[in-house]
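Chains B, C and D: place on chain A using the hints.
Chains as they are written, first to last, in this note's numbering: chain A, 1 to 220; chain B, 1 to 220; chain C, 1 to 217; chain D, 1 to 217.
Accuracy of the hints is not assured; some may be wrong.
[To be verified] So the derived list for chain D, only partly shown, Cβ under 7 angstroms to chain A, looks like this:
(1) 19
(2) 21
(3) 23
(4) 78
(5) 81
(6) 83
(7) 98
(8) 203
[Unchecked claim] Sample of chain C residues at the chain A side, in silico, Cβ under 7 angstroms:
(9) 35
(10) 38
(11) 52
(12) 67
(13) 88
(14) 127
(15) 129
The set of hints was computed from the structure by calculation and includes no laboratory data. From a predicted model like this one, the values you see are computed outputs, not experimental measurements. For glycine and all other residues, C-beta sits at the position ideal for the given N, C-alpha and C.
As a plain string of letters, each chain reads:
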Amino acid sequence: MNKVATDIPSAVADVGDGASILVGGFGGAGAPTALLEELAGRDLHDLTVIANNAGTGTTGLAALLASGAASRIICSYPRMRGSEIFEKLYSEGSIELELCPQGTLSERIRAAGAGIAGFYTRVAADTDLAAGRETRVIDGRLHVLETPLAADFALIRADTADRWGNLTYRKAARNFGPTMAMAGRVTVAETDRIVPLGDIDPELVVTPGIFVQRVVEVPS
Amino acid sequence: MNKVATDIPSAVADVGDGASILVGGFGGAGAPTALLEELAGRDLHDLTVIANNAGTGTTGLAALLASGAASRIICSYPRMRGSEIFEKLYSEGSIELELCPQGTLSERIRAAGAGIAGFYTRVAADTDLAAGRETRVIDGRLHVLETPLAADFALIRADTADRWGNLTYRKAARNFGPTMAMAGRVTVAETDRIVPLGDIDPELVVTPGIFVQRVVEVPS
Amino acid sequence: MSAGWSSLEMAAAAAGDLVDGTYVNLGIGLPTLVTRALPSDREVVLHSENGILGAGPPPEAGDEDWDLIDAGKQPISLVPGGSYFSHADSFAMIRGGHLDVAILGAYQVSAAGDVANWHPGAGIPAVGGAMDLAVGARSVWVLMWHNDQDGRPKVLAECTLPVTGRGVVDRLYTDLGVFGFAGGSLVCRRLAPGVDRATVQDRTGTGIVFDDKEGQQ
Amino acid sequence: MSAGWSSLEMAAAAAGDLVDGTYVNLGIGLPTLVTRALPSDREVVLHSENGILGAGPPPEAGDEDWDLIDAGKQPISLVPGGSYFSHADSFAMIRGGHLDVAILGAYQVSAAGDVANWHPGAGIPAVGGAMDLAVGARSVWVLMWHNDQDGRPKVLAECTLPVTGRGVVDRLYTDLGVFGFAGGSLVCRRLAPGVDRATVQDRTGTGIVFDDKEGQQ
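So here's chain A without its partners, still in its complex pose:
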């Protein structure tokens, strides 16, 4: 078993038009910048991107969006300093936005990875973000039914990997990585380094390799 991809292009070679992609990172921390820019350099179309933000500046996710590859984005916080590329695409009507509360977003992704077909949460109940959604009163309080959010691919950035796909993360670059890794039908991790099998302390593994299909070394 060897999940190490030889280079960046081969790590995401099978991402095609219409694919749904979970993209790790909170701002720049944990963003799989190299994988995103590889995709940005292709002639991709109609991707659905699921990420916390909608990219800033001109690199990484912003580059992918600027390439016109994405027709839809599901995220919690698209508007921030530097999100001009997304804002332009959105105002032109070139990209559809589904806004989702951040914790509901991460929980929907976890649900997909954990085989949970739906869950009830108070978050967003009786707000515009839950307009028209199925609700249920539980213990006297209004809840919204939320559904799992899986994707064809999960692209994440981690710190250390081995050839079985075990991953550790660095500080708060962990963020969405462990959760998205569970929910990608194919999860690809770009990592600072790849070490021999057994070099990662089993107590320190954050994402067990079972959730990861490919790793590629991209030193920062």
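Okay, now just chains B, C and D, sitting in the frame of chain A:
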């Protein structure tokens, strides 16, 4: 902030009749034996115990059950080699058993800790364990609605703690600990050692202290 | 607008109400000032939604670590006893009622304790973790200016902007004082120095019940 | 009962069908024998429901670590590349479809691929992770004796004991051969040495479609 209890009795001093208690461990690994035996030595009644097993031999959970303290147990695997104390109580009608699939048990506990009011799972659908339960067809498959399982107390065993309640575990003694810690209104961890604040590498913390109310040093 | 608290004084009022051992999430914007005003005689653990407990002050210029940022994507540090965890675990803390206090910024707050802070009314909205914090934290405090840049009240009988959560705000800190909510009414608990009851009522879009013994002394 | 496979030979038949890179959960009882029969030319990663990936063989006597046990509470070891995680994460792996194969022991299997393995019909039942594995693993294999201790068939038209999961079994390994399920029928894919079609049909409680070219050669 100092969550270190001075001794075992004071760590569980407020456990009273009728309390619900999450009890960590898978077999003996991760079982909070000292805390359980402290409770067994009191004149407690009508406890609800939530645990994977129902105790074996005569120590730990078996001792608590033998003391007559528990009137009800929710678990996945009560019958195993050495579970004679539970079997006797059950056959006498002294203890009520609610059997729950192991993954549904851990997910119900997590739901309580994570503020999820209910979730749908295929597990147990169309089996005797889900008889009479609310169901829903999702994507053409039958699912069961499961509810969160919180408790007044969670008693767990960990490896290393600090005075903020941060915890690490040892090997597969981790099992239910991190999940139950989230779901106890008061979570008490007995640990092999307590180290100064800052001595646990922040990347290695498995249970952040926010989930833990008390720690007590019980060397193994 | 010379009377009342500065932004740092508002933050200090909130910070002073955080007792030892409190787990707190600070929203982006004004609430981040609370970090600068925390009394040194107590341990308050700061939670950052992106997977951090024990968030500490910004590092010296040149020492920034862009893998260690806060919810506003600004470089921070980690205090001894801090930890890192995933977003799913971070929001389990929030949604599961483990945070003692969330201090939010806001566009508007209503007399019933509704808060509106995710949708400016026009343009692209951005909710982030606001709705999770609004319903998940055990106690929700709002820290905001009492009036908007044009002098209009931000504390109203009803929010006119889309709400983040309904009936969730427990305390409100503004430049004019500290407020609570009871029986569907805004209650003034404390007036900022140099602010009188008539002024605060005049600058508020809903009736106020005054219970500000401390502030009047 | 002299014809057919020993328990270890049954386990070897299943083990031989596990390809390199497979993530497998082995139920307690007979399936644990699969660990002894794994071919050395491939890496198969063993999952243990109590929070282990990379479960390895039992340690030498005297080297047991009771914090490192398998689902049957027996001491094991961890192979390089292994990891530890919580029960919630372990069952997220199971329920979420991340395990390639679960090999379960069973009391009964039906022609429709139902499996009964949690309730012996009398006494105290114990479900453990059986129901989670039955619906969660991508492929569910059952490893069991073809008949019970009294010679009665355990492969039936319908399970008479409470089922663990319905229509979930993909393959069945018994002492008499290897079976699949198609169109509501049991399909014999391979006969154990010395077992003929008449014998296996005679010892089975449901009709068999034979597709055992390999076994007949």
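Checked hints:
Taking 7 angstroms as the C-beta cut-off, the interface hint given for residue 19 of chain D is violated, the closest approach to chain A being about 10 angstroms. Look at residue 21 of chain D: its Cβ gets to within about 4 angstroms of chain A, closer than 7 angstroms, so that hint holds up. Look at residue 23 of chain D: its Cβ gets to within about 5 angstroms of chain A, closer than 7 angstroms, so that hint holds up. Look at residue 78 of chain D: its Cβ gets to within about 6 angstroms of chain A, closer than 7 angstroms, so that hint holds up.
The beta carbon of residue 81 of chain D is positioned within 7 angstroms of a beta carbon in chain A (closest approach about 4 angstroms), and the interface hint is therefore held. Given hint, residue 83 of chain D at the interface with chain A, holds; its Cβ is 4 angstroms from that chain's nearest Cβ, closer than 7 angstroms. Contact between residue 98 of chain D and chain A, as hinted, is supported at the beta carbon level, the nearest pair being about 5 angstroms apart and thus within 7 angstroms. Hint status for residue 203 of chain D relative to chain A: violated, with the closest Cβ pair at about 36 angstroms, above 7 angstroms.
Of the supplied interface hints, the one on residue 35 of chain C is violated, with its beta-carbon coming no nearer than about 16 angstroms to a beta-carbon of chain A, more than 7 angstroms. The interface hint given for residue 38 of chain C is broken, as the beta carbon of that residue sits about 20 angstroms from the closest beta carbon of chain A, more than 7 angstroms. For residue 52 of chain C, the shortest C-beta to C-beta distance to chain A is roughly 5 angstroms, which falls under 7 angstroms, so the interface hint holds. Taken as an interface hint, residue 67 of chain C checks out: its beta carbon lies about 4 angstroms from the nearest beta carbon of chain A, inside 7 angstroms.
The closest approach between the C-beta of residue 88 of chain C and any C-beta of chain A is roughly 4 angstroms, which is under the 7 angstroms cut-off, so the hint is satisfied. The interface hint given for residue 127 of chain C holds, since its Cβ lies 5 angstroms from the closest Cβ of chain A, which is under the 7 angstroms cut-off. The closest approach between the C-beta of residue 129 of chain C and any C-beta of chain A is roughly 4 angstroms, which is under the 7 angstroms cut-off, so the hint is satisfied.
In terms of the numbered hints stated before, the structure departs from hints 1, 8, 9 and 10, listed from lowest to highest.
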